[in-house]
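Q: Sequence:
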Amino acid sequence: QVPFTVLQGEGVEYLGHANDAVIAISNYRLHIKFKDSVINVPLRMMESVECRDMFQLHIVCKDSKVIRCHFSTFKQCQEWLKRLNRAIARPAKPEDLFAFAYHAWCLGVCVDEEDQHAHLCRPGDHVRFRFEMELVRMGFDLQNVWRVSDINNNYKLCSSYPQKLLVPVWITDKELENVASFRSWKRIPVVVYRHVRNGAVIARCSQPEISWWGWRNADDEYLVTSIAKACALNPGVKVPGGVPHNGSSDGSEACEADFDSSLTACSGVENAGTPQKLLILDARSYTAAVANRAKGGGCECEEYYPNCEVVFMGMANIHSIRNSFQYLRAVCSQVPDPSNWLSALESTKWLQHLSVMLKAAVLVSNAVDREGRPVLVHCSDGWDRTPQIVALAKILLDPYYRTMEGFQVLVESDWLDFGHKFGDRCGHQEKAEDQNEQCPVFLQWLDAVHQLLKQFPCLFEFNEAFLVKLVQHTYSCLYGTFLGNSPCEREMHNIYKRTCSVWSLLRAGNKNFHNLLYMPGSEQVLHPVCHVRALHVWAAVYLPASSPHPLGQDDMDIYPPPGSQSQE
1 QVPFTVLQGE
11 GVEYLGHAND
21 AVIAISNYRL
31 HIKFKDSVIN
41 VPLRMMESVE
51 CRDMFQLHIV
61 CKDSKVIRCH
71 FSTFKQCQEW
81 LKRLNRAIAR
91 PAKPEDLFAF
101 AYHAWCLGVC
111 VDEEDQHAHL
121 CRPGDHVRFR
131 FEMELVRMGF
141 DLQNVWRVSD
151 INNNYKLCSS
161 YPQKLLVPVW
171 ITDKELENVA
181 SFRSWKRIPV
191 VVYRHVRNGA
201 VIARCSQPEI
211 SWWGWRNADD
221 EYLVTSIAKA
231 CALNPGVKVP
241 GGVPHNGSSD
251 GSEACEADFD
261 SSLTACSGVE
271 NAGTPQKLLI
281 LDARSYTAAV
291 ANRAKGGGCE
301 CEEYYPNCEV
311 VFMGMANIHS
321 IRNSFQYLRA
331 VCSQVPDPSN
341 WLSALESTKW
351 LQHLSVMLKA
361 AVLVSNAVDR
371 EGRPVLVHCS
381 DGWDRTPQIV
391 ALAKILLDPY
401 YRTMEGFQVL
411 VESDWLDFGH
421 KFGDRCGHQE
431 KAEDQNEQCP
441 VFLQWLDAVH
451 QLLKQFPCLF
461 EFNEAFLVKL
471 VQHTYSCLYG
481 TFLGNSPCER
491 EMHNIYKRTC
501 SVWSLLRAGN
511 KNFHNLLYMP
521 GSEQVLHPVC
531 HVRALHVWAA
541 VYLPASSPHP
551 LGQDDMDIYP
561 PPGSQSQE
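For the sequence shown, the UniProt record's numbering begins at 1 and goes up steadily by one.
Calculated from the structure, these hints are not laboratory results. Heads up, a few of these hints could be off.
[Said to hold, decoys possible] Computed list of lysine-lysine pairs in DSBU-like fashion (alpha-carbon distance at most 35 Å, straight line):
| # | residue 1 | residue 2 |
| --- | --- | --- |
| 1 | Lys-295 | Lys-186 |
| 2 | Lys-277 | Lys-174 |
| 3 | Lys-359 | Lys-511 |
| 4 | Lys-497 | Lys-186 |
| 5 | Lys-93 | Lys-75 |
| 6 | Lys-359 | Lys-295 |
[Unchecked claim] Listed next, with one range per pair, are the computed distances between beta-carbon atoms:
| # | residue 1 | residue 2 | range |
| --- | --- | --- | --- |
| 7 | Asp-150 | His-70 | 54 to 62 Å |
| 8 | Tyr-286 | Gly-16 | 55 to 63 Å |
| 9 | Trp-212 | Glu-13 | 52 to 60 Å |
| 10 | Asp-96 | Thr-172 | 40 to 48 Å |
| 11 | Asn-307 | Glu-50 | 51 to 59 Å |
| 12 | Gly-16 | Glu-177 | 54 to 62 Å |
| 13 | Lys-454 | Thr-5 | 29 to 37 Å |
| 14 | Pro-91 | Ser-181 | 32 to 40 Å |
| 15 | Ala-104 | Asn-510 | 21 to 29 Å |
Quick reminder that beta carbons are idealized off the backbone N, C-alpha and C, glycines included.
Given only the sequences and the hints, what does the whole structure look like? Please build it.
A: Written out as structure tokens, the structure reads:
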């Protein structure tokens, strides 16, 4: 008999015994039931399986779990090794991923398919109409200062960018085309955030293609400096007393909000002040940026970009992060030795990498909030370190992104819309065998958010369980949210309509993910401690063996039948 509750659309393919355990493989997961605990691992979560000591299966997972299963004979161990390796092989096409079968079942149990899809599978309107709603919420002046360009309609300019791009109103589409020819992967500088109080913005892009020849692009230089000018033309709006127009504030916050009235005194275009010096934050080290010139890349030269300052953060590339994570996984999967646990942890450099990421986000946040300066963030391609910094800075600056709805908008906007390559980085992209493309970039960012949650436990609407579940479903392929490498790819495969959204599980109405300590209404900008000493190993993700699931707790997300009155 199958030892677990079968999911919608799930079929068990193998069922057998290991030593003291029942083991089963379905088209979605590996299930192992021991005497006193249960292990459920989605197949797409598994990175590798190998046979050790002749009788032991050693299973390494992408979220750092390591599972060992013993068999009584070598032959039996080899049989299960072959079965598992077949089960976790890269899919030949997207439809081979379980998310499609799961969604098909969800539709099949309801007469009205459209209604069922909307009820169970789709995110809310705050996600579906996020771009328009965010423009309004952040107070962009779309009449005089900013405009939404349709140059990327049908992804004809850049396949890894969203279709709607926000730029200064006087920048023409022809100029944007010229800029695209100068930026890696045509990922041009576009604005993604505006500080309501002082009008400073955050923009993002990829590296300029300067190469050894030292190429320049007049339109690129014009666009970058225009972003700073636009901020001066669209300053923050304040009501008497120095309180932001879009939120309430107590006296101390009002004082803090009034720290530099000169930045926000302008009330119209005709009174616009001098543009603030724009900060170009390059996530790489200076050495790495210069080395990229050999491959046709490079970094901005300050003398060509007037009123701009370039700062290098020295964040490691995906290869260093992948190695660091593998070391962390090895350390966490061993029986801890109290005498050298901390030195072993330090040698992984995982917390050091988190520290640098937090420092970069704080630098952006301080430039925008305290100095009223616009910031342009990029790394090499602009789809790994760039979203880490930008999305983290937005959480520090804006309490909306600390709510469950706001966090969903943040992930969709800064990670999915701007082409973080989830398919390659998570290893579930079809026909992609290059292990060098895999890296837990998004997991590392979620870890940084977890560090903020630890330091500010009352300022997030969601709890740690919300983040842990998001880690699991980044890799599980139960939902379609993180499939594919770009918005263009997801649209091409119609993933939005053919799979369920993870936000239908992690919705604001689900009380399991609510932080009971949350104090809504706070407008506080977060100033975290970034030093390694202040950071914690994420035990719930990296050390799950320290808290095994009790027998019978399947930890699977099963939708209730339509019309049922089950509790959240």
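Q: The structure should be examined with respect to each hint, and the outcome stated for every one.
A: Hint-by-hint comparison with the structure:
{"no.": "1", "hint": "Lys-295 with Lys-186", "in the structure": "holds (16 Å)"}
{"no.": "2", "hint": "Lys-277 with Lys-174", "in the structure": "holds (26 Å)"}
{"no.": "3", "hint": "Lys-359 with Lys-511", "in the structure": "holds (32 Å)"}
{"no.": "4", "hint": "Lys-497 with Lys-186", "in the structure": "holds (28 Å)"}
{"no.": "5", "hint": "Lys-93 with Lys-75", "in the structure": "holds (32 Å)"}
{"no.": "6", "hint": "Lys-359 with Lys-295", "in the structure": "holds (28 Å)"}
{"no.": "7", "hint": "Asp-150 with His-70: 54 to 62 Å", "in the structure": "holds (60 Å)"}
{"no.": "8", "hint": "Tyr-286 with Gly-16: 55 to 63 Å", "in the structure": "holds (56 Å)"}
{"no.": "9", "hint": "Trp-212 with Glu-13: 52 to 60 Å", "in the structure": "holds (55 Å)"}
{"no.": "10", "hint": "Asp-96 with Thr-172: 40 to 48 Å", "in the structure": "holds (44 Å)"}
{"no.": "11", "hint": "Asn-307 with Glu-50: 51 to 59 Å", "in the structure": "holds (56 Å)"}
{"no.": "12", "hint": "Gly-16 with Glu-177: 54 to 62 Å", "in the structure": "holds (60 Å)"}
{"no.": "13", "hint": "Lys-454 with Thr-5: 29 to 37 Å", "in the structure": "holds (33 Å)"}
{"no.": "14", "hint": "Pro-91 with Ser-181: 32 to 40 Å", "in the structure": "holds (35 Å)"}
{"no.": "15", "hint": "Ala-104 with Asn-510: 21 to 29 Å", "in the structure": "holds (24 Å)"}
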